[in-house]
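Engineer: Listed below, chain by chain, are the residues.
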Amino acid sequence: MVIHMNYFKKRNGKWHLSLTGKEAVCGLLFILPFLIGFFLIFLPLIVESLKFSFSDMQVGTEGYTLTKTSHSGFGHYVRAFAVDPDFNLMLLSGIGQILIQVPLVLIFSFFAANLLNQKFHGRTVARSIMFLPVIISSGVVIALEHSDLLVNTLNTTTDLSGGELSSYLNVMGFLTEYTSLPDSVISVLSRAVNGLYDIVIASGVQILIFLAGLQSISPSLYEASSMEGATQWENFWKITFPMISPLILVNSVYTVIDLFTNENNEIMREIKRTIFTEVDYGFGSAMAWIYFVCIALLLLVIGGVISKHVFYYDER
Amino acid sequence: MKRKKKRMQRHMTLARSQRLLWSIVRGVIIVGICFTILQPLLLKISVSFMQEKDLYDASVKYIAKHFTWNNYKLAVSVMDYGWVFFRTLWLSIGVSIVQLAACLLTAYGFARFRFPFKKLLFGCVIVTMIVPPQVIMLPLFMKYRFFDLFGIFKAVTGSSVNLIDTYWPFFIQSMTTMGIRNGLYIYMLRQFFKGMPKELEEAAFVDGCGKLRTFVQIMVPSAIPMMVTVFLFGFVWQWTDVFYTSLYLNKVKVMSTALNSLAVNAYQQYEGFGGSMNFISPGFVSMINHTGTILTIIPLIILYVFCQKSFVEGIERSGIVG
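Going down the list, the protein sequences come from chains A and B. Its first residue numbered 713, the first sequence is counted upward by one per residue in this note's numbering. Its first residue numbered 391, the second sequence is counted upward by one per residue in this note's numbering.
It is worth saying that the hints were derived from the structure and are not from the lab. Keep in mind the model is a prediction, meaning the values are calculated, not measured. Check before you lean on any hint, since a few could be wrong.
[Said to hold, decoys possible] 25 Å max Cα-Cα, derived BS3-like pairs, lysine-lysine: (1) A:1020 - B:584; (2) A:763 - B:443; (3) B:601 - A:734; (4) B:443 - A:734; (5) A:984 - B:533; (6) B:588 - A:734; (7) B:463 - B:699; (8) A:831 - B:584; (9) B:509 - B:533; (10) B:509 - A:1020; (11) B:509 - A:734; (12) B:533 - B:544; (13) B:533 - B:699; (14) A:734 - A:722; (15) B:533 - B:643; (16) B:508 - B:455; (17) B:455 - B:509; (18) B:455 - B:443; (19) B:443 - B:509; (20) B:509 - B:601; (21) B:508 - A:721; (22) B:544 - A:721; (23) A:984 - B:509; (24) B:508 - B:588; (25) A:984 - B:641; (26) A:734 - B:533; (27) B:463 - B:588; (28) A:984 - A:831; (29) A:1020 - B:508.
[Claimed, not checked] Per label pair, the in silico range of CB-to-CB distance: (30) B:484 - A:938: 49 to 57 Å; (31) A:1015 - B:453: 30 to 38 Å; (32) A:990 - B:425: 38 to 46 Å; (33) B:603 - A:798: 54 to 62 Å; (34) B:610 - A:948: 18 to 26 Å; (35) A:826 - B:467: 34 to 42 Å; (36) A:834 - B:467: 37 to 45 Å; (37) A:834 - B:406: 51 to 59 Å; (38) A:836 - B:470: 55 to 63 Å.
Beta carbons are placed, not taken as given, at the ideal position from N, Cα and C, and that holds for glycine.
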């Protein structure tokens, strides 16, 4: 073990911590909260949950008992892939939907950050409003909004001003009334416009991160290139884009994580339903584990592809 | 000469009109986005002042015909707003301060020191973010229902401790950076510390300042805008979280769980008043939910307005660079 040799040093026949060794100990002490949390809390929970996914659980008065499932423990996984008719389809369509949303969120937040970075009157107000979704789109607030939509779509037949309450802009109604577009086009358009709200709401943190990156680009770069006669368009592609590219990586990772672990997406709801309503914890956690592996693989692929094209100003 | 000047002038006006056009387009786009964000909020506010019949009245758009405070009165009494407010405030402030401290230490450790398996450990930080919380829900509940520290409690008192319906699970989780989205905070703070010039610490070190003292006296004060950001995130996400609060707190109500069950409870009271409905009126549900949502996010918006300056600045100066 070559690495470990550096951390210790022999002096007067005894082993002492070298300077790098002291630094390492110091660093480990600093990250001690995380080490405790990860190895004493998080990891045991993960192992426990994996055990659940490989076994059937009977809840009794004295806690619970676990028995190994069929297929030498893989029963739940076999059920998810081969028996359950909906799971595969749901997994694919759910992942597909989110994969479409990720680039849209990225493009929108990048665009918005660029806008907010320019000088204009009322910029602070605009910024404060743009960051508001970080607050108003979290946890129970957004969950209620979704349930409210559900209530309203269920009751459109009772003519309870359904459109008025559920959709913030009645695009569908507007288009059918004032234009003579075919129905299919209208439904696509209205879905896109209504989806816009989800995208705007989902990109608060990303705008923040992009804006921070844009602010950290030194203005002298732009000055120099403008002196050389570069246009704004060239500046954007030759300076802004490469300089911001590390943050594109950060943001795409964050967006993937955020959208996939959002409690309101289809698969998470199904997992929740299986665990709570059907009280099938083994199957539920097997599903969650399959889902988790999918997210991890996707992150690896996305991270790998993007990090190949990322430009680092000072290679550290 | 004259012709050249004229051409310059024309060029200038072209550039100026181009700029004017762009600022108009930009204005429209920004106002549009802001409207998209604010509109649902305004709708909620306007609905919360309506009576139920206004919802069914097609001539009522945003301004209530029968202006009323009744929704607020009902929501406040059903949510037990006063007590719930202070309970949630204490919980959220406590949790976000504790996790801020833990994440600061961890982030500094990752940013400035070299130690074995650093990359692997940082990968573990990312992993804690992407595991869907549902996966570890039951084990988590079991852990705090039958809480024990290396078997010490069992040896002393004969049984493990039940921490459900106390705030201990929240604090234990945030002390060990396992709280809500703590991986993100560690990431943000690490990037901030990485962007700080090393010379500051080296100077302090040469002057005989220890590592911890350097951290507390030099790094922490310069990270304050960033810390405000992390604090705000932590506060907001704790305030609106239902997943963990409904997991750890069974009988004790905090803001988010109170809001979640508001419609059902309000409906029961409504029936108690002699309202005769065989089904839960969706209009009533949506009205009371909007009111409750407003009551829940008003403290957050007030906090945001106060922190807004250092929030926006903190993000600007953070230099979160990958």
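Engineer: Now tell me if each hint is right for this structure.
Structural biologist: A quick look at each hint next to the structure:
Annotation: proposed proximity of residue 1020 (chain A) to residue 584 (chain B) holds, straight-line Cα distance about 22 Å (limit 25 Å). Our distance criterion of 25 Å between C-alpha atoms is broken by residue 763 (chain A) and residue 443 (chain B), whose separation comes to about 54 Å. At most 25 Å may separate the alpha-carbon atoms for a hinted pair to count; residue 601 (chain B) and residue 734 (chain A) meet this at roughly 11 Å. Among the hinted pairs, residue 443 (chain B) with residue 734 (chain A) is inconsistent with the structure: their alpha-carbon atoms are about 72 Å apart, more than 25 Å.
Distance check on the hinted pair: residue 984 (chain A) and residue 533 (chain B) sit about 20 Å apart at the alpha-carbon level, within 25 Å; holds. In summary, the hint linking residue 588 (chain B) to residue 734 (chain A) is supported, as the alpha carbons are separated by about 18 Å, within the 25 Å threshold. Between residue 463 (chain B) and residue 699 (chain B) the alpha-carbon distance is near 33 Å, which puts this suggested pair outside the 25 Å criterion. This hinted pair does not check out: residue 831 (chain A) and residue 584 (chain B) have alpha carbons roughly 29 Å apart, beyond 25 Å.
Using a Cα cut-off of 25 Å, the hinted pair residue 509 (chain B) and residue 533 (chain B) is violated, with the two alpha carbons roughly 29 Å apart. In summary, the hint linking residue 509 (chain B) to residue 1020 (chain A) is supported, as the alpha carbons are separated by about 18 Å, within the 25 Å threshold. At most 25 Å may separate the alpha-carbon atoms for a hinted pair to count; residue 509 (chain B) and residue 734 (chain A) meet this at roughly 19 Å. For the given pair, residue 533 (chain B) sits about 14 Å from residue 544 (chain B) by alpha-carbon distance, which is consistent with the 25 Å threshold.
Restraint check for residue 533 (chain B) and residue 699 (chain B): the C-alpha separation of about 41 Å exceeds 25 Å, so the hint is violated. Distance restraint check for residue 734 (chain A) and residue 722 (chain A): the Cα-Cα separation of roughly 14 Å lies within the 25 Å cut-off, and the hinted pair is therefore satisfied. Among the hinted pairs, residue 533 (chain B) with residue 643 (chain B) is consistent with the structure: their alpha-carbon atoms are about 21 Å apart, no more than 25 Å. Of the supplied pair hints, the one linking residue 508 (chain B) and residue 455 (chain B) is violated, its CA atoms being roughly 63 Å apart against a limit of 25 Å.
Using a Cα cut-off of 25 Å, the hinted pair residue 455 (chain B) and residue 509 (chain B) is violated, with the two alpha carbons roughly 62 Å apart. A hinted pair counts as satisfied when its Cα atoms are at most 25 Å apart, and residue 455 (chain B) with residue 443 (chain B) qualifies at roughly 9 Å. Distance restraint check for residue 443 (chain B) and residue 509 (chain B): the Cα-Cα separation of roughly 61 Å exceeds the 25 Å cut-off, and the hinted pair is therefore not satisfied. At roughly 22 Å between alpha-carbon atoms, residue 509 (chain B) and residue 601 (chain B) fall within 25 Å of each other, so this suggested pair holds.
Between residue 508 (chain B) and residue 721 (chain A) the alpha-carbon distance is near 21 Å, which keeps this suggested pair within the 25 Å criterion. With a CA separation close to 43 Å, the supplied pair residue 544 (chain B) and residue 721 (chain A) exceeds the 25 Å bound. For the suggested pair residue 984 (chain A) and residue 509 (chain B), the alpha carbons sit about 33 Å apart, so the restraint of at most 25 Å is broken. The suggested pairing of residue 508 (chain B) with residue 588 (chain B) holds, with an alpha-carbon distance near 19 Å, which does not exceed 25 Å.
Pair hint residue 984 (chain A) plus residue 641 (chain B) holds up; C-alpha atoms about 21 Å apart against a cutoff of 25 Å. At roughly 35 Å between alpha-carbon atoms, residue 734 (chain A) and residue 533 (chain B) are farther apart than 25 Å, so this suggested pair is violated. In summary, the hint linking residue 463 (chain B) to residue 588 (chain B) is not supported, as the alpha carbons are separated by about 56 Å, beyond the 25 Å threshold. As the CA atoms of residue 984 (chain A) and residue 831 (chain A) are separated by approximately 46 Å, the hinted pair breaks the 25 Å bound.
In summary, the hint linking residue 1020 (chain A) to residue 508 (chain B) is supported, as the alpha carbons are separated by about 22 Å, within the 25 Å threshold. At roughly 51 Å, the beta-carbon separation of residue 484 (chain B) and residue 938 (chain A) lies within the given 49 to 57 Å, and the hint holds. Range check, residue 1015 (chain A) to residue 453 (chain B): Cβ separation about 50 Å, and the 30 to 38 Å hint is violated. For the pair residue 990 (chain A) and residue 425 (chain B), the supplied restraint of 38 to 46 Å holds, since their beta-carbon distance comes to about 42 Å.
One distance hint, 54 to 62 Å for the beta-carbon pair residue 603 (chain B) and residue 798 (chain A), holds here, with the actual separation near 59 Å. Between residue 610 (chain B) and residue 948 (chain A) the beta carbon distance is about 37 Å. The supplied range of 18 to 26 Å is therefore violated. One distance hint, 34 to 42 Å for the beta-carbon pair residue 826 (chain A) and residue 467 (chain B), is violated here, with the actual separation near 48 Å. A C-beta distance of roughly 40 Å is found between residue 834 (chain A) and residue 467 (chain B), which places it inside the suggested range of 37 to 45 Å.
For the hinted restraint 51 to 59 Å between residue 834 (chain A) and residue 406 (chain B), the CB-CB distance of approximately 21 Å leaves it violated. Checked against the given bound of 55 to 63 Å, the beta carbons of residue 836 (chain A) and residue 470 (chain B), roughly 37 Å apart, lie outside it.
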